[in-house]
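> Read off the chains here:
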Amino acid sequence: NAGVTQTPKFRILKIGQSMTLQCTQDMNHNYMYWYRQDPGMGLKLIYYSVGAGITDKGEVPNGYNVSRSTTEDFPLRLELAAPSQTSVYFCASSRGTSGAPGETQYFGPGTRLLVL
Amino acid sequence: AQKVTQAQTEISVVEKEDVTLDCVYETRDTTYYLFWYKQPPSGELVFLIRRNSFDEQNEISGRYSWNFQKSTSSFNFTITASQVVDSAVYFCALSPYMDSNYQLIWGAGTKLIIKP
Chain U
1 NAGVTQTPKF RILKIGQSMT LQCTQDMNHN YMYWYRQDPG MGLKLIYYSV
51 GAGITDKGEV PNGYNVSRST TEDFPLRLEL AAPSQTSVYF CASSRGTSGA
101 PGETQYFGPG TRLLVL
Chain H
1 AQKVTQAQTE ISVVEKEDVT LDCVYETRDT TYYLFWYKQP PSGELVFLIR
51 RNSFDEQNEI SGRYSWNFQK STSSFNFTIT ASQVVDSAVY FCALSPYMDS
101 NYQLIWGAGT KLIIKP
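Going down the list, the sequences are from chains U and H.
Just so we're aligned, residue 1 is where the first sequence starts under the numbering used here, counting upward by one.
Just so we're aligned, residue 1 is where the second sequence starts under the numbering used here, counting upward by one.
What the hints contain is simulated information worked out from the structure, not anything from laboratory work.
Hints should not be assumed to be uniformly reliable.
What the hints assert, rightly or not - Once the Cα atoms are required to be at most 25 Å apart in a straight line, the calculated DSS-like pairs of lysine-lysine come out as: (1) U/Lys57 with H/Lys3; (2) H/Lys38 with H/Lys115; (3) U/Lys9 with U/Lys44; (4) U/Lys44 with U/Lys57; (5) H/Lys111 with U/Lys9; (6) H/Lys16 with H/Lys115; (7) H/Lys70 with H/Lys115; (8) U/Lys44 with H/Lys111; (9) U/Lys57 with U/Lys9; (10) H/Lys38 with U/Lys44; (11) H/Lys3 with U/Lys44; (12) H/Lys38 with U/Lys9.
With the rest of the complex left out, here is chain H (with noise of 0.2 Å):
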């Protein structure tokens, strides 16, 4: 099966903490893409990170980073010293090589609110 979990519905947090959105995904292939997307509450879809599965090392951007572990099938996002600004639904999602009518297969997103 092909499929991208997000157990984590909504996280709350205060600014200025750490906080890690989990990513979890099944997958036949042994060639497949992972992404980040943003969706802040203006709701559209802000594209964040992409990362093949050949490539293990993690990404850090700014106050972002993307930790990708293929042993326990995990791609999952730290926002370090969070500010409102993040507070959005966050999407993963899994683009399959062989086997994905080109769509991305996505998670059902977890709900980030930064209080300030």
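Here chain U stands alone, though its shape is the one from the complex (with noise of 0.2 Å):
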């Protein structure tokens, strides 16, 4: 199994355009999550999906829009991108299946986006 994939790996984008971060498991995961990890922090939560067609906000969100059509993907789309979205982007997927928090968080190997 590959897990949590993520492309691209690394990308520049110019103030201003716009541009979809995918996120891709192959593990059947219920549950899925976009994380931001700015320099020397933490992972800060900016969307989750607990299935198809049901997504919601997590901590940081404005500036970021998702959809979940699918169990697999769930990108991660970025409008109008501002320097203050530079950061390592984070996707994650969890079984689900207990339908509770706690569950083990399997992660992606990110994506850097640098905003100029």
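Make one complex out of these two single chains by using the hints.
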């Protein structure tokens, strides 16, 4: 199994451009998450999804959008990129079978985004 | 408040020394989960351990051990006979059962440098 995969690995955007970060998992996990990691910091949750067609905001959702049309894919959309969105973005998934928090989350390799 | 504090920003030791990474957490919940993740220089996040609040037994896995003490709200991580490959940033994270939005609440991380 590949686990959680993310593309691209690195991207440079100009201010005002938009892009989609791709995330795919092959573990048949119900729950998926997007985090951002700023330098010297822990991760902060942007959006999460508990199943296809269901998404909800995390701690820092402004400037981002998500969709979940399939169990496997959870793309993150940046509209009107700003320098404050320069960060490393991690996608994660967890089984979600218990319907409760506390499950182990498994992470993709990350996407490094630079907005200039 | 839900919070994780890793007071040690950076630790540097010589190979084969033992090293302990501290993690102190705050939560209103009586049920919660604690995690440690490793982030090597390559950037991925590697899951190390998950512990629930009802299980205060210490855990040992090879050279790694974890000391969970509810009385002091701590979940410390010890590496015995450290090796250069242990060099990484280590994150402690909290998942409260009731008030989490499914997110992991992360500490800022401790950068561990193992010198040969």
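> Now, for every hint given, state plainly whether the structure supports it.
To see whether the hints hold, each was checked on the structure:
no., hint, verdict
1, U/Lys57 with H/Lys3, "holds, 19 Å"
2, H/Lys38 with H/Lys115, "holds, 18 Å"
3, U/Lys9 with U/Lys44, "holds, 19 Å"
4, U/Lys44 with U/Lys57, "holds, 11 Å"
5, H/Lys111 with U/Lys9, "holds, 23 Å"
6, H/Lys16 with H/Lys115, "holds, 9 Å"
7, H/Lys70 with H/Lys115, "violated, 33 Å"
8, U/Lys44 with H/Lys111, "holds, 18 Å"
9, U/Lys57 with U/Lys9, "holds, 24 Å"
10, H/Lys38 with U/Lys44, "holds, 16 Å"
11, H/Lys3 with U/Lys44, "holds, 12 Å"
12, H/Lys38 with U/Lys9, "holds, 19 Å"
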